[in-house]
Amino acid sequence: MSSHWHHFRVWRGDADGGELVDYPVEVNEGEVVLDIIHRLQQTEAQDLAVRWNCKAGKCGSCSAEINGRPRLMCMTRMSTFADDEVVTVTPLRTFPVIRDLVTDVGFNYVKAREVPSFEPPPGLAPGEYRMQQVDVERSQEFRKCIECYLCQNTCHVVRDHEENKPAFAGPRYLMRVAELEMHPLDVADRRSDVQDDLGLGYCNITKCCTEVCPEHIKITDNALIPMKERVVDRRFDPLVWLGDKIFRRTGS
Amino acid sequence: MGLAEVSTETGAGRAEIAARTLRTDRWWRLPLIQAVLLTVLLGYVVVRLFLRRDYFVAEYNYLTPLYSPCISTSCTPGSAHFGTIFGDLPVWIPLPIIVFPILLGFRGTCYYYRKAVYRSILQSPTACAVREPAARYSGESRFPFNLMNFHRYFFYLASLLLLINTYDAVLAFFPPGGFGFGLGSLILVANVVLLWGYTLSCHACRHIVGGKLKHFSRHPLRYAMWNRISGLNALHMQFAWASLVSVTLTDVYIMAVAAGWIADLRIVG
Ligand code: SF4
Ligand code: SF4
Ligand code: FES
Ligand code: FES
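Residue numbers (this note's numbering), protein chains in the order written: chain V, 1 to 252; chain E, 253 to 521.
Rather than coming from a laboratory, the hints here were simulated on the basis of the structure.
One thing to keep in mind: the hints can contain errors.
Straight line, CA to CA, 27 Å or less: simulated DSS-like cross-link-like pairs of lysine-lysine [said to hold, decoys possible]:
id, chain 1, residue 1, chain 2, residue 2
1, E, LYS367, E, LYS464
2, V, LYS218, E, LYS464
3, V, LYS245, V, LYS144
4, V, LYS245, E, LYS466
5, V, LYS58, V, LYS245
6, V, LYS144, E, LYS367
7, V, LYS55, V, LYS245
8, V, LYS218, V, LYS144
9, V, LYS144, V, LYS58
10, V, LYS144, E, LYS466
11, E, LYS464, V, LYS55
12, E, LYS464, V, LYS144
13, E, LYS367, V, LYS245
14, V, LYS245, E, LYS464
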């Protein structure tokens, strides 16, 4: 097994300030960035704070920014870097830092609670739900989400504009609304909420959420744009709006 | 815990990192190429609109898609396939005065071109995880960008125009004097095929055809169509560029033949 020394730069600090610290560190064949961070913890930086759980790309804990790109540390192979390339690891930029690579992702839990929950048809009790596979397929793509918040972190609406945080739920939770909108048994009309309360209009479909999603969910194409089209049905399409009024159409 | 406790002011508690981005790849390259391409192609089209000549080859029935339908009495004889609605237009009004706004509106509000323009022209953001220059941002939640929501109407109108373009491509096989075609006819057909690819793969089309349904199981036909359109939709960006380039090249070819710079390569007749 071959190994070499690599130049790492890791952001160390807390809310009061911090800096990039240089570390030379040994890298073995087949390792990922999280392995190297762990090696640093075992050697030169024993108090380095890092959050992780599964090391398998499934828990969504180890999100960070590696050479400026939001990634999962456990899914970023060292073999993707040249041996002499400096590897810079920083915490997620959009959320308040707690210490070193650990941020407070509470923003996302607040937003999660702002999404009105699933609303089954009246009179249908849990256990009586029957659905066809073709009708749930679309929302199943969104269920692959591991809540790593890389999309929330990368979205420029809040990443570059802290002041937009109260008005904007972020791609992950706009996708949650899409999941419910497309759910065959959900009877709520979410089109006004999503536009007025959750800030769908802030999204300019530039697809950075899709680019960073480790689950390869087509967030923009399959959730955000379809949601925008649904809002158009309600807000910007007088024909559809009139038809809905006259025929009192509800679920189709 | 309320949001107020999570984040209050600008930059609240974030890790202090001054660099605009720590990306080490050439993230500025693609937006730059896009900006150049969009400017060059749009610039060409605008110049072409005011030229008012060499847009029709009467001998072979070639009409450039940029001028179709030509509906003014100022149009070259024979080029007004659908009759004339307007009388003579002054020289400072381009002949495609109806067509161009529709095409510009369709492409300008297209979800893909929106992404391309926001990124490469408006730098909002230039690339992912690269801080955007603007101090404030409200996206498509307010005027003027909320007008992007009218994309659907441009889709309807542009589909009508495309039917006319398709008819023009057929006419290019029936020059005065009977059946016959040349390289120009084949170019017109290829262009129309790409335009159909672009139009059918539109996100609004995908929504109208079936995406808006809650229960696919109750609408098997629309579900099947939605599946097809979804397949095309994944290639929407490719169709957007291919059809933009093909419209331009088709126009260049027809201009070259009409101006007598080159002779059309006749295959039959
Ligand atoms: S597509 Fe919309 S939600 Fe996704 S990153 Fe871009 S602006 Fe944010
Ligand atoms: S949608 Fe993708 S990027 Fe966003 S939280 Fe879920 S898994 Fe992570
Ligand atoms: S440690 Fe679980 S996703 Fe990386
Ligand atoms: S989304 Fe591109 S044409 Fe409609």
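### Query
Straight-line Cα separation of V/LYS144 and E/LYS466 no greater than 27 Å?
The hint holds at about 20 Å.
### Query
Keeping to a limit of 27 Å between CA atoms, is the pair of E/LYS367 and E/LYS464 held or broken?
Holds, because 22 Å separates the two Cα atoms, which is no more than 27 Å.
### Query
Regarding the pair E/LYS367 and V/LYS245, is the alpha-carbon distance no greater than 27 Å?
Not OK: E/LYS367 and V/LYS245 at ~34 Å, beyond 27 Å, violated.
#### Entry: Pair hint V/LYS218 and V/LYS144, alpha-carbon separation not exceeding 27 Å
holds, 11 Å
### Query
Does V/LYS55 pair with V/LYS245 here, judged by a C-alpha cut-off of 27 Å?
violated, 52 Å
### Query
Under the criterion that the straight-line Cα-Cα distance not exceed 27 Å, is the pair V/LYS245, E/LYS466 satisfied?
Within the cut-off at roughly 18 Å; holds.
### Query
Do the alpha carbons of V/LYS218 and E/LYS464 lie within 27 Å of each other, as the hint requires?
holds, 17 Å
### Task
Measure nothing beyond the straight line between the CA atoms of V/LYS58 and V/LYS245; if it is 27 Å or shorter, mark the hint as holding.
violated, 45 Å
### Query
Taken at face value, is the distance from the CA of E/LYS367 to the CA of V/LYS144 at most 27 Å?
holds, 25 Å
### Query
When you check the alpha-carbon spacing of V/LYS144 and V/LYS58, does it fall within 27 Å?
holds, 10 Å
### Task
Please work out if E/LYS464 and V/LYS144 have their alpha carbons no farther apart than 27 Å.
Holds - the C-alpha atoms of V/LYS144 and E/LYS464 are around 22 Å apart, at most 27 Å.
### Task
Would you check the hint for V/LYS245 and V/LYS144, treating anything up to 27 Å between C-alpha atoms as holding?
violated, 36 Å
Comparing the model with each earlier hint shows violations of hints 3, 5, 7, 11, 13; every other hint is respected.
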